[in-house]
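Peer 1: So the chains spell out like this:
There are 2 protein chains.
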Amino acid sequence: MGPVSVARVHIDVMLKDEILDPQGQAIERALPSLGFTGVREVRVGKHIVVDIDDADDLDRRVEAMADRLLANPVIERFSYRVE
Amino acid sequence: MGPVSVARVHIDVMLKDEILDPQGQAIERALPSLGFTGVREVRVGKHIVVDIDDADDLDRRVEAMADRLLANPVIERFSYRVE
Numbered sequence: 348m349g350p351v352s353v354a355r356v357h358i359d360v361m362l363k364d365e366i367l368d369p370q371g372q373a374i375e376r377a378l379p380s381l382g383f384t385g386v387r388e389v390r391v392g393k394h395i396v397v398d399i400d401d402a403d404d405l406d407r408r409v410e411a412m413a414d415r416l417l418a419n420p421v422i423e424r425f426s427y428r429v430e
Numbered sequence: 348m349g350p351v352s353v354a355r356v357h358i359d360v361m362l363k364d365e366i367l368d369p370q371g372q373a374i375e376r377a378l379p380s381l382g383f384t385g386v387r388e389v390r391v392g393k394h395i396v397v398d399i400d401d402a403d404d405l406d407r408r409v410e411a412m413a414d415r416l417l418a419n420p421v422i423e424r425f426s427y428r429v430e
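So the protein sequences, as listed, match chains A and B. Each residue of the first sequence is one higher than the last, beginning at 348 in this note's numbering. Each residue of the second sequence is one higher than the last, beginning at 348 in this note's numbering.
Only chain A is shown next, with the shape it has when bound in the complex (with noise of 0.2 Å):
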């Protein structure tokens, strides 16, 4: 067996559109007072990164995971890329 590639992942968990997201709407509401104007609308969720091994199976580990362990699947989404 050759050595063992190291794939990283970036998963983005966002709280559903449908729900409240306080913590956003706290950042859009203290851009002005900073000078800064003409945002829309801002949402704040979380970027994880994992090193994992690769394999063929890679998707569904990634998947599972984030299913599982890194989203609340009732008021969360995510979504990943492989770098």
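These are computed hints drawn from the structure, not numbers from a lab. All C-beta atoms in this analysis are idealised placements derived from N, C-alpha and C, irrespective of residue type, glycine included. Mixed in with the good hints, there may be bad ones.
[As the list claims (entries may be wrong)] Cβ-to-Cβ under 10 Å is the rule here; a few derived chain B residues that face chain A:
#, residue
1, Val351
2, His357
3, Gln372
4, Ile374
5, Glu375
6, Arg390
[Stated by the list, open to error] A short list of chain B residues far from chain A (calculated; beta carbon distances all over 10 Å):
#, residue
7, Pro350
8, Val360
9, Glu365
10, Asp398
11, Pro420
[Unchecked claim] Cut-off 27 Å, straight-line C-alpha distance, at most; resulting in silico cross-link-like pairs (BS3-like, lysine-lysine):
#, chain 1, residue 1, chain 2, residue 2
12, B, Lys393, A, Lys363
13, A, Lys393, A, Lys363
14, A, Lys393, B, Lys363
15, B, Lys393, A, Lys393
16, B, Lys393, B, Lys363
Position chain B against the provided structure of chain A, taking the given hints into account.
Peer 2: Chain B in isolation, oriented as in the chain A frame:
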């Protein structure tokens, strides 16, 4: 003047590599007991989605916003992409 075009900007804010990330370490330690093996490192940060009026100075505004409000430049670094 035509209608204002709105850009969607995705900003990632992560702890600098040399700063300890206890939340990432907690996830890292939880994964094997959930059956996920082969994970080398996990780091957790913020993913911020900003809908903002587009203009020539978009980059300057996004960088100033991230630097002054969204990230703590002492311990965090940010990157962004415009959709």
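Peer 1: Now tell me if each hint is right for this structure.
Peer 2: For each hint, the structure was consulted:
1. Because the beta carbon of Val351 (chain B) sits about 8 Å from the nearest beta carbon in chain A, less than 10 Å, this interface hint is met.
2. At its closest, the beta carbon of His357 (chain B) sits 8 Å from a beta carbon of chain A; the interface hint therefore holds under the 10 Å criterion.
3. Annotation: interface hint on Gln372 (chain B) violated; nearest CB of chain A at approximately 13 Å, more than 10 Å.
4. The beta carbon of Ile374 (chain B) is positioned within 10 Å of a beta carbon in chain A (closest approach about 7 Å), and the interface hint is therefore held.
5. For the restraint placing Glu375 (chain B) at the interface with chain A, the shortest Cβ-Cβ distance is roughly 9 Å, inside the 10 Å limit, so the hint holds.
6. With its C-beta approaching chain A no nearer than about 5 Å, Arg390 (chain B) sits inside the 10 Å limit, and its interface hint holds.
7. The claim that Pro350 (chain B) lies off the interface holds: its Cβ sits roughly 13 Å from the closest Cβ of chain A, which is beyond the 10 Å cut-off.
8. With a least beta-carbon separation of about 7 Å from chain A, Val360 (chain B) fails to lie farther than 10 Å from that chain, contradicting its non-interface assignment.
9. With a cut of 10 Å on Cβ distances, Glu365 (chain B) stays outside the contact zone with chain A, its closest approach being about 15 Å.
10. Listed as a non-interface residue, Asp398 (chain B) fails to keep its Cβ farther than 10 Å from every Cβ of chain A; the least gap is roughly 4 Å.
11. With 10 Å as the threshold on Cβ separation, the claim that Pro420 (chain B) sits away from chain A holds: the shortest Cβ distance comes to roughly 15 Å.
12. Straight-line distance between C-alpha atoms of Lys393 (chain B) and Lys363 (chain A) comes to about 16 Å, which keeps the hinted pair within the 27 Å bound.
13. The suggested pairing of Lys393 (chain A) with Lys363 (chain A) holds, with an alpha-carbon distance near 13 Å, which does not exceed 27 Å.
14. Distance hint between Lys393 (chain A) and Lys363 (chain B) is fulfilled; the C-alpha atoms sit about 16 Å from each other, no more than 27 Å.
15. Between Lys393 (chain B) and Lys393 (chain A) the alpha-carbon distance is near 4 Å, which keeps this suggested pair within the 27 Å criterion.
16. Distance hint between Lys393 (chain B) and Lys363 (chain B) is fulfilled; the C-alpha atoms sit about 13 Å from each other, no more than 27 Å.
Violated hints for the displayed structure, listed by number in ascending order: 3, 8 and 10.
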